[in-house]
Amino acid sequence: GAVVSQHPSWVICKSGTSVKIECRSLDFQATTMFWYRQFPKQSLMLMATSNEGSKATYEQGVEKDKFLINHASLTLSTLTVTSAHPEDSSFYICSAREGVRETDTQYFGPGTRLTVL
Amino acid sequence: AQSVAQPEDQVNVAEGNPLTVKCTYSVSGNPYLFWYVQYPNRGLQFLLKYITGDNLVKGSYGFEAEFNKSQTSFHLKKPSALVSDSALYFCAVRDFSGSARQLTFGSGTQLTVLP
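If you read the sequences in order, they're chains X and C.
This note's numbering numbers the first residue of the first sequence as 1 and each following residue consecutively.
This note's numbering numbers the first residue of the second sequence as 118 and each following residue consecutively.
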């Protein structure tokens, strides 16, 4: 199957700092990428959907000024957590859809563990 | 609104025995259904999907799932479980008749295969 990478795999930062997470589709072009958040032993919660070259669509309750998403190319999307606080500590997972049809499969990255001290 | 239910938080099965992980869904139109597996501290790995056609879908690692429209179910199965199958399994649905275009995930089922 298609491969999606994330970097870094884990990050620890101080409260008030910003953290950038990269998501790359390694062997396919992804017009659409997704960012999810997962709390321990819980399901994935969609944060936002990003389309290459346009603004991301955020889910209700997700602060767009706090979670900045950039999808500058067909293989790269970034999530920046601005002015991070301890409550932002979580497992962040990106996903990329292979192909342009909505029946195409979404492939997921390995996730990034963010810990805010 | 579309939704997915995984009624069992935990499933235990002995190695070599068949396993079933249950999933039911609710959508307003035709569902597109997916199964993913997650190992500790890792992202989700795609197992299989149902779009249309044969109700029995075969996927990776010997897993299969059966789409049952009348029961609105899409249970994941494997004839003979391996210890390495122990992981967290997620069912997901996408409804293409309405405005929703995103995957909606179930709450997950922790599968433990006992040696």
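If you are wondering where the hints come from, they were derived from the structure by calculation, not from laboratory data.
All residues carry an ideal CB built from backbone N, CA and C; glycine is no exception.
Check each hint, because a few of them may be wrong.
[To be verified] Calculated lysine to aspartate or glutamate pairs in the EDC-like style (CA-CA distance at most 16 Å, straight line): (1) C:K166 / X:E102; (2) C:K166 / X:D104; (3) X:K41 / C:D171; (4) X:K41 / C:E125.
[Stated by the list, open to error] A few chain C residues that don't get close to chain X, going by computed Cβ distances all over 10 Å: (5) E125; (6) V128; (7) S145; (8) R159; (9) G160; (10) Q162; (11) I168; (12) F180; (13) Q188; (14) P196; (15) G223; (16) S224; (17) T229; (18) P232.
So, going through the hints one by one against the coordinates:
Taking the CA atoms of C:K166 and X:E102, the gap is about 12 Å. The hint holds against a cut of 16 Å. Between C:K166 and X:D104, the direct Cα distance comes to roughly 10 Å. Compliance with the 16 Å bound is thereby established for this hinted pair. At roughly 33 Å between alpha-carbon atoms, X:K41 and C:D171 are farther apart than 16 Å, so this suggested pair is violated. Taking the CA atoms of X:K41 and C:E125, the gap is about 13 Å. The hint holds against a cut of 16 Å.
Distance to chain X confirms C:E125 as a non-interface residue, since its nearest Cβ pair spans about 14 Å, more than 10 Å. At the 10 Å boundary, the C-beta of C:V128 stays outside the reach of chain X, the nearest C-beta of that chain being 15 Å off. Every C-beta of chain X lies more than 10 Å from that of C:S145, the closest at about 16 Å, which supports listing it as non-interface. Listed as a non-interface residue, C:R159 fails to keep its Cβ farther than 10 Å from every Cβ of chain X; the least gap is roughly 5 Å.
The beta carbon of C:G160 is not kept farther than 10 Å from every beta carbon of chain X, the shortest such distance being approximately 4 Å. With a closest Cβ-Cβ approach of about 7 Å to chain X, C:Q162 is found to fall inside the 10 Å limit, against its non-interface label. Against the 10 Å criterion, C:I168 falls within the reach of chain X, whose nearest CB is about 5 Å from its own CB. At roughly 14 Å from the closest C-beta of chain X, the C-beta of C:F180 stays outside 10 Å, upholding its exclusion from the interface.
Every Cβ of chain X is farther than 10 Å from the Cβ of C:Q188; the closest lies at roughly 22 Å, confirming the non-interface assignment. The Cβ of C:P196 lies farther than 10 Å from every Cβ of chain X, with a closest approach of about 22 Å, so its non-interface assignment holds. Its beta-carbon lying about 6 Å from the closest one in chain X, C:G223 breaks the requirement of being farther than 10 Å from that chain. Against chain X, the non-interface label of C:S224 is violated: not every CB pair exceeds 10 Å, the least being about 5 Å.
No beta-carbon of chain X comes within 10 Å of the beta-carbon of C:T229; the shortest separation is about 14 Å. No Cβ of chain X comes within 10 Å of the Cβ of C:P232; the nearest lies about 23 Å off, and the non-interface call holds.
When held up to the earlier numbered hints, the structure conflicts with 3, 8, 9, 10, 11, 15 and 16 and fits the remainder.
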